[in-house]
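Peer 1: Whenever a hint applies, use it, and build me the whole structure from the sequences.
Here the protein sequences come in this chain order: A and B.
So the first sequence is numbered by UniProt numbering: it starts at 1 and just counts up by one.
So the second sequence is numbered by UniProt numbering: it starts at 1 and just counts up by one.
Please note: incorrect hints may appear among the correct ones.
Claimed, not checked - Chain A regions said to be covered by chain B (calculated; three or more residues, Cβ under 8 Å): (1) 21 to 29; (2) 44 to 50; (3) 180 to 191; (4) 589 to 595.
Quick caveat, the hints were computed from the structure, so don't treat them as lab data.
Since the structure is predicted, the reported quantities are computational estimates derived from the model, not experimental observations.
Note that beta-carbon positions come from the ideal geometry of N, C-alpha and C, so glycine has one too.
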Amino acid sequence: MRPVVTTCSYCGVGCTLEVRTLRGRIVKVTSPPDAPANRGNLCVKGRFGHDYVTSPDRLTRPLVRRGDRRTGRLEPASWEEALDLVARRLASVRERYGPGAVAGFSSAKCTNEENYLFQKFLRAVIGTHNVDHCARLCHASSVVAMNLALGATAMTNSIGEIRDHADVILVTGSNTSENHPIVALEMKAAVARGARLILIDPREIELARFATVWLRQRPGTDVAVLSGLAHVIIRDGLWNREFVERFTEGFEELAAAVAHYTPQVVEALSGVPARDVEEAARLYATSPAAAIFWGMGISQHTTGTDNALALVNLALLCGQLGRPGTGLNPLRGQNNVQGAGDMGALPHVLPGYVPVTDAEGRRRFEALWGVRLPEAPGLTATEVTEAACDGRVRALYVMGENPALTDANLNHVRHCLEQLEFLVVQDIFLTETAAMADVVLPAWSWAEKDGTFTSTERRVQRVRRFLDPPGEARADWDILSDLARRLGSDWRYDSAEAIFEEIRRAVPAYAGITYARIEERGLQWPCPAEDHPGTPYLFAGGLPRGRGRFHPVGYLDPAELPDDEFPLILITGRVLYHWHGGVISRRSAGLNEIYPEALVELHPDDAARLGVHDGQMVRVRSRRGEVTAAARVTERSRPGSVFLTFHFAEAAANLLTNDALDPRARIPEFKVAAVAVEAVARSR
Amino acid sequence: MSETVTLTVDGRPVTVPAGSTLREAAQAAGVHVPVLCWHPQVRTGSNCRVCVVEVAGNRTLVPSCSRQAEPGMEVRTDSERVRRARRVVLELLLSEADASQAPELLAYAAHYGADPGRFGEITARKRREPIRDNPFFVRDYARCILCRRCTEVCGVGVQHTFAIEIAGRGNRAAIATGGTGLLPDSPCVFCGNCVGACPTGALVPVAEFEARRDGIWPREPALRWSPATGFVAEEV
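Peer 2: See the structure below:
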């Protein structure tokens, strides 16, 4: 049985899979030992969680809502009717309110080719930069910070360098073992070899067992802790003078900003013992090769950009950049969230991160696409929701995203989506968002299409078809091309590869990558020419913006603090066995069997005070909503905080979360919300 | 200290990086050594003994998967003594486990002329029932040769989870979990890296197990093996 070689559809690590099918179903998934990111290792989702593609829930025919928007039912329709309707309604909104009244959410689960076409559809066919995707909710702040300070927008180094080169690994706001399990394996291998791990996290995650020093801060106090590290490094003269002088600017401002954050001040603000701040600072600064890794615990705050800037400051201060085993490494969540950004599925940049406000860059794309482009940036996903509420956005095109479950403050989000005149959702399942749509278009899953994903380490890898699509479902790029033609644009793509060839012309970092070159193994961008070997780590020859810029930041409280009425802090996150809104992982029989329901993690001290025992049903309330789920009493959670995943629609954590935004990245504060917990009578 | 080591393998001089094993030195000399318990992610070994080679001046045969190359060593990978030892090792393995889904083991056995019936059968092992305690994979220990790839991958080799270990001694030795003996009650995270490492089909995805049981798993090419060629798939 010959396996098909493809790239995993779950997280951003980009594991190589060898998939074997029998009678139209996946029967075995393995990985070759020379797989570049994962060395042949897999996690439960990658190896056993892909049966969702053959779920009986798959959408197989277009659906059109008959009758009133609120009360009408979604009923099967022909492609002709459905696409005609979408084209007519989008054109009508554009005509009556202007192109800015249309917006689109692209998908970090779709391929580069599809993301490229989706943003091109909004920009070149509709005429608006209102295109965004779920990176807004995960690493928007990291991207803003790295762009400001370095001119880079991705993980600077490679996953393999963790095991092979890193001497110190600083992990913060990332439950790596559950969200990027393969990266955690590399970290554990590094520790086994003698590398030291600094963990900064309020929860007792698995990596705490492997940490030399674990800083268990109060949620939302990251800037204080990281400023404390910088304070000690400058106070003790441990910073890298040569690097700072040659490659950075703004050191004096940084030194002034962190002067206040003595270890004692940091202890008072964050709860982290002063001596641990000192030890972590020394470990990081004096290491020959220290790498920083972070996840949503850093980015999903109203201070998300500041948090990420504080990490960039540390790396610049100590010159931990531009060598193997160093770097600034945001661990990207979705399989192709890196690629979706690279392809320009963002409202302020064109493909290749060319600012839409840059006239020169805009002209290049106007020439490539044969259209005029608007000069002002579009709306972010979180702003689109608000604009739907007040009528600035009237029509929304959602490809493979589920804002009605994954955005913060769901009651408000759903209310806003209901105000739209027209909502079209293109997906593989009838998601919570699709259930609200006027038209639902059935798409191909990852198993049924060809294309490329770009992993968190900037590796562009092939995705290959190994199953036939169900029913009448069509490829995303095919649907987009058809719609573009109906709206008067002459789009003629006959394959994913044909689209990729256009991407190579649009994005210089991808120019040297061809399907032929990545037939066996992927290439890491920047790869500017066909004889270029790709780039395992950035900044070997300096920084793209000339000098790295220190950004002084100071501690600010989260938007919402606990009080008498809502005395606990809610942290949302993920578990090993599920994926984001659960749309795919809960349709994997095995994953759903092993982890079937939402659990509210409570520290034993809080549980005792509330009279809650393990397994008891509890109600969690915030100012915005409430959910009921079973309690898990565990010391993993810090006293005073509770943890809930956002995988389960029936206990949707985002009913509780705060939609207060980071002012620069427009990312909501998923990681801190004030809540109250009470036992409810019903026991499981 | 020298960065490289020069030795002879089957009379051919070969130079390898210091710290290389004899298996790696043989590989560099173009000679395949059979391995079962060795796995790229697992550093221990010396367990199945199918990789033994003869080193001039050593009283006993040595496991080439873990013995380091030393300057001037004279290694013989295919002497009569080596071949006989490998044949006996293979016969012992075949006596204790159902090898019908262990293509590599069967290929070695064919090459060395191992007689599977020579030591009789450890029937208690071959009669063990498959364990289905989780939705992802089946543990069919009638096929287990106790090579320890799975326990090493679960432990320091890859996962650092330590959900499984060998329990018992002698003919009662078996891979087991603590507590109830069920994987869902153990620290197992169901990564299945043990499944990926298992050379005998003792650990197998549920879908594959059922397809084989129902007789719909496609016939796979048998493997042939020799020290000169390594594994070669036969035409189906």
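Peer 1: Does each hint hold? Answer for all of them.
Peer 2: Results for each hint:
Beta-carbon proximity to chain B at under 8 Å applies to 7 residues in the stretch 21 to 29 of chain A; the threshold of 3 is reached and the given coverage holds. Counting residues of the stretch 44 to 50 of chain A whose beta carbon lies closer than 8 Å to any beta carbon of chain B gives 3, which reaches the threshold of three, so the coverage claim holds. Using a Cβ-Cβ cut-off of 8 Å, 4 residues of the stretch 180 to 191 of chain A lie near chain B, which meets the minimum of three, so the contact claim holds. Counting residues of the stretch 589 to 595 of chain A whose CB lies closer than 8 Å to any CB of chain B gives 4, so the stated coverage by that chain holds, three being the minimum.
The structure agrees with every numbered hint stated previously.
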